[in-house]
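Novice: Join the two chains into one complex using the hints; note that each chain is given alone, in its own frame.
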Amino acid sequence: NAGVTQTPKFQVLKTGQSMTLQCAQDMNHEYMSWYRQDPGMGLRLIHYSVGAGITDQGEVPNGYNVSRSTTEDFPLRLLSAAPSQTSVYFCASSYSGMGGYTFGSGTRLTVV
Amino acid sequence: AQSVTQPDIHITVSEGASLELRCNYSYGATPYLFWYVQSPGQGLQLLLKYFSGDTLVQGIKGFEAEFKRSQSSFNLRKPSVHWSDAAEYFCAVGGDDKIIFGKGTRLHILP
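Chains A and B are the protein sequences, given in the same order. Position in the first sequence counted from 1, then plus 254, gives you the numbering used here. Position in the second sequence counted from 1, then plus 7, gives you the numbering used here.
Bound-form chain B, shown alone (with noise of 0.2 Å):
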């Protein structure tokens, strides 16, 4: 079955510091990944993306993610945040019919 592990609900840093954020997941097959961002009141923004090739993807806003198959990882960093990068962020996995989504780690970033 498949399923989506966001460790932490949230997560603090301050402005400047480098970000990680933490995804497993179990799926049968090579899983299509994803990392979703979503800011108060907002729709879901796709940041990136990873189906095959390179297991380093490099996203919007300076975000990247690894792929890294023995550990069922995806996790997202950042080397520097910015304020405006505080929102609720998703990772998701699935195949061509559909995704499923963990349970998303909010970002708080202090000034």
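The shape of chain A in the complex, shown without the other chains (with noise of 0.2 Å):
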């Protein structure tokens, strides 16, 4: 039972170029999330999906793209980066929400 895993853990990007982290948990939950953590804002919501095939928005959107074709996987892609997209990025999940979420062990994202 390995939880969440966040792939890759760091990655620099140039402006402009695309990539894709990596979501991927075994409990068998529904729900997943990305956030993003910036110093002082806290987490921020990105997406979240509520199962295989359904997705929506949360707090800061823009710029971020995700699709949930299976219950393990929810992958995040970034389609031409910003330097305002470098944060650290966590991937969660949950059983059911009153159980609380799940959390990966983050993505540090630079873009330069």
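Please note that a few of the clues may not be correct.
To be verified - Listed below are the simulated DSS-like cross-link pairs for lysine-lysine, each with C-alpha atoms no more than 30 Å apart in a straight line:
(1) Lys56(B) x Lys68(B)
(2) Lys68(B) x Lys263(A)
(3) Lys268(A) x Lys110(B)
(4) Lys56(B) x Lys75(B)
(5) Lys56(B) x Lys263(A)
(6) Lys110(B) x Lys68(B)
(7) Lys75(B) x Lys263(A)
(8) Lys56(B) x Lys110(B)
(9) Lys75(B) x Lys110(B)
Source of the hints: derived by calculation from the structure; they are not laboratory data.
Specialist: What follows is the structure in structure tokens.
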């Protein structure tokens, strides 16, 4: 039981490049979310999903796309990276909202 | 709209002293409420949660929190802090589909 696995742990991108942050969970959780963490801003919700095939926007969705083709995986895509997307990204999953979310270890992304 | 306010950005307490971290929220229905802790360079760990029942909830590491519906608050407390409690603490609110976080309170411990 690996929990929530995020890859890569570190990434440097050039402005305009695209990439996908991977998130996988092996707990059969229906609910999954992506957050970004910036100093002084806490964690802000980017996108979330309540099950395979269902996604919705969070607080800061611009510049990011998601899809949920399976229960296990919830990748986050940056289509054209910008320096403002430099951040630490966390993926989280939950069996039910009341149980709380389990977080991955994060991806530190730098856009230059 | 959902929102979470943690009024204190930084709090400093002496080791052995009591602690209270404040959290106020805005939510349309009875929310699920959480406190998470993050040590430097680490991920987030769930300290405790409230979703119904007894309004005083116990968590890990000796922490507790009290849900006060009339004040829309969910403050975190600990009777006696240890140096290892130095970290950033996040309050979160939500429902089944998603949760959102406050901006966090960084706790500093004086020896």
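Novice: Look at each hint and say if it fits the structure.
Specialist: Here is what the structure says about each hint:
no. : hint                  : verdict
1   : Lys56(B) x Lys68(B)   : 14 Å, holds
2   : Lys68(B) x Lys263(A)  : 28 Å, holds
3   : Lys268(A) x Lys110(B) : 28 Å, holds
4   : Lys56(B) x Lys75(B)   : 14 Å, holds
5   : Lys56(B) x Lys263(A)  : 28 Å, holds
6   : Lys110(B) x Lys68(B)  : 22 Å, holds
7   : Lys75(B) x Lys263(A)  : 39 Å, violated
8   : Lys56(B) x Lys110(B)  : 18 Å, holds
9   : Lys75(B) x Lys110(B)  : 20 Å, holds
Going through the hint list in order, the structure does not satisfy hint 7, though it satisfies all others.
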